[in-house]
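Colleague: As they're listed, the protein sequences go chains A and B. Residues in the first sequence are numbered consecutively from 2, following our numbering. Residues in the second sequence are numbered consecutively from 11, following our numbering.
Source of the hints: derived by calculation from the structure; they are not laboratory data. Some clues are possibly wrong.
[Unchecked claim] Straight-line Cα separation of at most 25 Å, BS3-like style, residue types lysine-lysine; simulated pairs:
no.	chain 1	residue 1	chain 2	residue 2
1	B	K178	A	K39
2	B	K396	B	K343
3	B	K343	B	K392
4	B	K178	B	K114
5	B	K312	B	K396
6	B	K159	B	K222
7	A	K39	B	K312
8	B	K312	B	K343
9	B	K114	A	K39
10	A	K39	B	K392
11	B	K392	B	K312
12	B	K222	A	K39
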Amino acid sequence: MCRSVTVGLSAVILCLTAAASGCTSMGVEPWERDVLAKEEMQLTTDPVEAGIDDHIYFSKEASSGGRGFGGGGCGCN
Amino acid sequence: MSKQNSRSIAASLATAACSLLGTSTVSPVQAQEEPGWDFNTALLYYGESDGRVQDFSLNVLANRAFVDDRILSLGLTVDSLTGATPSGALPFDGPQTFTRPSGKAVYTTSANEIPLDDSFLDTRVALTAGWAQPFARLYTFNAGVSASKEYDYVHIGGNAGLSRDFNKRNTTLSLGLAYAQDSLNPEGGTPVPLSPMLDVGDLSNRIGDQDKDVVDVVLGLTQVVNRNLLFQFNYSLSQSSGYLNDPFKFLSLVDPVSGDPVGHTPAPGVSGPSHEYRFESRPDERTKHSVYGQAKYYMSGKVLDLSYRYMTDDWEIDSHTLDARYRWPFGDKRYLEPHVRWYTQTAADFYRISLVDGAAPLEFASADYRLGEFDAITVGMKYGWKTRSDNEMSVRLEYYMQDGTAPSDQIIGNQAGRELYPDLDAIIAQFSYRF
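With the hints as extra help, turn the sequences into a complete structure.
Modeller: As structure tokens, this is what we get:
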């Protein structure tokens, strides 16, 4: 892994840590999670559909990943 | 706990544990689950216009929840692919003949049509397995493996992730790692980059099986803002190395004045290409960086899901993706979900619509339309409902359209006025059943 990538990763880790520190004023109490526990409020509501979409766009565009791993996995045309 | 809530937890953890393409980030919502299997199945039809790629796909994701929030996920996908795909050659006002990728026969395309390679026929089987479990109160660990097999392509991969909750579990930091090793073994062998398309039976420009490795790192932050709003932010690094070409893509070799393809005469008594074509050549390394943000907002029963991704790589491709879904329930058991996605990318720095005869040789060149400059839009609608037994069904229909542009500084002579970029129109139809 080249040096610029290492530096970039370190910067991102720092930013995430700083962001996490700044997030302590946000949030809810455990008994206020009724809405967040709903199925439609999960970040990925339908993992199969998300996988299908990722596969289609991975096959037809030059970008992949973001939500998760970009990975390999097919010789798609 | 109701079956629905159990399913909700399983679904959110499944994404972390199972799919190679799934997120490594665990939902901030935690609860005790009810042991049992949950099956998430889908039948998909993906069809491109003009006789291009058609895919029928069966997808099954089975999640088994155990006590203490431990989740086992097993996935199966079977794709049946047929149809034709743009080869990279330019259209021309006469017919063009090409040697098939196997090197055993030829096919001919009509005048003034973007040449499509119609020898595309494959069945792909993909398997995934994953495990996720909490430990030390605030941590969750997940690991998974994946494998897929096509006629001429094999993939194996593994992934692992760790997440930690902070701030009364309102904040989650996660790290995911994935490694994939893919092997290409096309019939007739992989072509030497930039070598000419040869006559039938001549495989002297073919080399043996080729490999590529992909390493992915994903760092994630998930934050609950209030009762109705949460967001996720990811940074992803992806490094690919090895044979990154598409062995079926090539470029036309064109006259520097007319822009028409240079003719080729096959050896006596042998079939072969009508013009000169060169197999594509991509760098053997690629590093991609992505940032991804997603927000989910609950509004009196309706849910807005917005996401944005920016990607940049050392092939000089930059892309932006905006995605919006709006889940609109009516009654207790039904909902509609309109979906809009907008995508744009710049071209790779080695993207060429053709190679010019007599020009200085290039180290890298590809006419693969997926490496060109284009915009894409997806619009769709999903309708979901619950059955009497409280299982879920949904249908969705989407339209996907790509609109690309050939670089004006690469257009030569007669090429002006011809359709140089293979635009794409496709339908996505899906039926899902969760039980």
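Colleague: Determine for every hint whether it applies to the structure shown.
Modeller: Do the hints match the structure? See the list:
no.	hint	in the structure
1	B:K178 to A:K39	holds, 19 Å
2	B:K396 to B:K343	holds, 5 Å
3	B:K343 to B:K392	holds, 14 Å
4	B:K178 to B:K114	violated, 65 Å
5	B:K312 to B:K396	holds, 17 Å
6	B:K159 to B:K222	holds, 15 Å
7	A:K39 to B:K312	holds, 12 Å
8	B:K312 to B:K343	holds, 13 Å
9	B:K114 to A:K39	violated, 57 Å
10	A:K39 to B:K392	holds, 19 Å
11	B:K392 to B:K312	holds, 14 Å
12	B:K222 to A:K39	violated, 41 Å
Against the hints set out earlier in the document, violations occur for numbers 4, 9, 12.
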